[in-house]
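All chains should be built: construct the whole structure from the sequences, respecting the hints.
Protein chains in written order, with numbering that gives the first Met the number 0: chain A, 0 to 141; chain B, 0 to 141; chain C, 0 to 141.
These aren't lab readings, by the way, just hints derived from the structure by calculation.
Just to be clear, a hint being listed does not mean it is correct.
No copy is singled out in the list; a pair is fine if it fits within one copy or between any two copies.
Said to hold, decoys possible - With a straight-line cut-off of 25 Å between C-alpha atoms, the simulated SDA-like cross-links for lysine to any residue are:
1) K139 with N26
2) K139 with S65
3) K139 with D87
4) K109 with P76
5) K43 with F27
6) K32 with Q5
7) K32 with G113
8) K32 with H80
9) K139 with N54
10) K32 with F82
11) K32 with D86
12) K43 with T114
13) K43 with D56
14) K139 with H80
15) K13 with G127
16) K32 with D56
17) K109 with R14
18) K13 with L134
Since we're looking at a predicted model, the values are computed, not measured.
This is what each chain is made of:
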Amino acid sequence: MEYYQQEIALPPFKRGFHLITPIIEKNFRALQKLEIGMLNIFIKHTSASLTINENADPTVRMDFESHFNHMVPENAPYYRHTFEGPDDMPAHLKAAILGNSLHIPLSRGKMNLGTWQGIYLCEHRDYGGPRRIVLTAYGKTN
Amino acid sequence: MEYYQQEIALPPFKRGFHLITPIIEKNFRALQKLEIGMLNIFIKHTSASLTINENADPTVRMDFESHFNHMVPENAPYYRHTFEGPDDMPAHLKAAILGNSLHIPLSRGKMNLGTWQGIYLCEHRDYGGPRRIVLTAYGKTN
Amino acid sequence: MEYYQQEIALPPFKRGFHLITPIIEKNFRALQKLEIGMLNIFIKHTSASLTINENADPTVRMDFESHFNHMVPENAPYYRHTFEGPDDMPAHLKAAILGNSLHIPLSRGKMNLGTWQGIYLCEHRDYGGPRRIVLTAYGKTN
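In structure tokens, the structure reads:
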């Protein structure tokens, strides 16, 4: 049994949905040692989030941005938290809807994702800057 | 301490929200060995999802289908990813909103769910076919 | 390696979004023993939920309540599950959208949250009463 943990800063991404699966794999080699286990990815922010979705056609990620802007609009008349800019309160809401952590099963030293699954960083601010994530992997070593 | 993992295919479900708690319990007996621990259920798809909600009145599950169809409509004018059919892009969005994995505490060899909680498979495609899930249970054995 | 588990009842909260980070820290001292690990918080209800978001300005939490009431309205014409009151079906939907469990990395005996992150109890019923949560912490002891 083993626990591995590492905190990394992602490069800044522009507002939108971005595939980061290779960044996780490259930066967290420890997960290769786990025969059976889990990987947790936790983002330490309240206006960016993480989700898993289609890793192929980039229009899926564009439609995510369009739909979330529609479902959680800027400048809604009922917002009171407005002093950090029109993109701030929607960013908090989007982050809560999508969630700030993922759990992925590990099997034979790899993330056991479906063929079409990729990890998305969801940047909800116009200028979010670099985002910090905590990677924790644990399980039975091989 | 122990880790157990098993991948299973669910039978195909029609579009909508379906209770699958008994399928999990029947197929993954290993969790009975855990005195304290966690169960992770991970769906390896991007157009079906998992959630926990009311396990009694079937109208709750019907209202989930109605509300998600309203909140994430087919044929929204801003969708660009349309070539896999009108139910495809909404399915990706619904899956991200609801989430693709669940974590349930294990206590004395059982899922420690509330009285009214059941596990839902959320099938967002018209014809999604059989869905694969990875079950991982870990903790202190009894 | 160690697993700790504890079930507690939260005090009743009024409908809305409430910071409960200090309640978790005070009631679950066991997590201080973990050098590297994870904390799971699981709510055993289907009309209240948990999320992580901004811990400073209270208007953020007010805007959460406003936006979720807008996105998941009471008395939608398509609801069939209406006999438990107008706040009941929206509460189930909100709970599924936000999620009923959180996973937070533990580092050197503390939750490794970002500076602005706090744990929210999201009470979606008008009179939800006390809510039960299961706390499970596990990892490498120090």
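Check your understanding: Tell me, which hint numbers fail for this structure?
Key -> 2, 3, 4, 8, 9, 10, 11, 14, 16 and 17
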